[in-house]
Amino acid sequence: MNTEPNKPFLFTEYGADTDAGAHKLPSVQWSEEYQCEYLTMQHEVFDMFEAVVGEQVWNLCDFQTGEGIMRVDGNKKGVFTRDRQPKAAAYVLRERWETK
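Residue numbers (full-length UniProt numbering): 1 to 100.
Read the hints as simulated data drawn from the structure, not as lab findings.
We put the beta carbon where it would ideally sit given N, CA and C, even for glycine.
The reader is advised that the hints may include incorrect statements.
Said to hold, decoys possible - For lysine to any residue, the following SDA-like pairs were computed, each having C-alpha atoms within a straight-line distance of at most 20 Å:
#1 K24 - G54
#2 K7 - E50
#3 K7 - M48
#4 K7 - F49
#5 K24 - A90
#6 K24 - K7
#7 K7 - V45
#8 K7 - V53
#9 K24 - A88
#10 K7 - G66
#11 K7 - V72
As the list claims (entries may be wrong) - Pair ranges (Cβ atoms, derived):
#12 V28 - E67: 20 to 26 Å
#13 R82 - A51: 32 to 38 Å
#14 T99 - I69: 18 to 24 Å
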């Protein structure tokens, strides 16, 4: 990334699928810990560059999608479940946004 760009950067649609209630240490894909670590890593990179002026995580809530081998029972990248229960990542984002 250019360290002196003449335009701001806004990152959108970043996130990691997670199965609500799945916990594993050390973290593994689909666990809530993995989603938290993934978001935190993204935030650390964003914060390294003054040109990054904003971010929009994908997605607020899990949602249903068509069946396929890449997703089990919908898109699980939400920081809330389909019935709007917070995953651990919701607290990671709350802490980030409260301190910005």
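Quick rundown of the hints versus the structure:
no.: 1; hint: K24 - G54; verdict: violated (30 Å)
no.: 2; hint: K7 - E50; verdict: holds (11 Å)
no.: 3; hint: K7 - M48; verdict: holds (16 Å)
no.: 4; hint: K7 - F49; verdict: holds (12 Å)
no.: 5; hint: K24 - A90; verdict: holds (18 Å)
no.: 6; hint: K24 - K7; verdict: violated (40 Å)
no.: 7; hint: K7 - V45; verdict: holds (18 Å)
no.: 8; hint: K7 - V53; verdict: holds (10 Å)
no.: 9; hint: K24 - A88; verdict: holds (13 Å)
no.: 10; hint: K7 - G66; verdict: violated (37 Å)
no.: 11; hint: K7 - V72; verdict: violated (39 Å)
no.: 12; hint: V28 - E67: 20 to 26 Å; verdict: holds (23 Å)
no.: 13; hint: R82 - A51: 32 to 38 Å; verdict: holds (35 Å)
no.: 14; hint: T99 - I69: 18 to 24 Å; verdict: violated (39 Å)
Checked against the numbered hints given earlier, this structure breaks hints 1, 6, 10, 11, 14; the rest are met.
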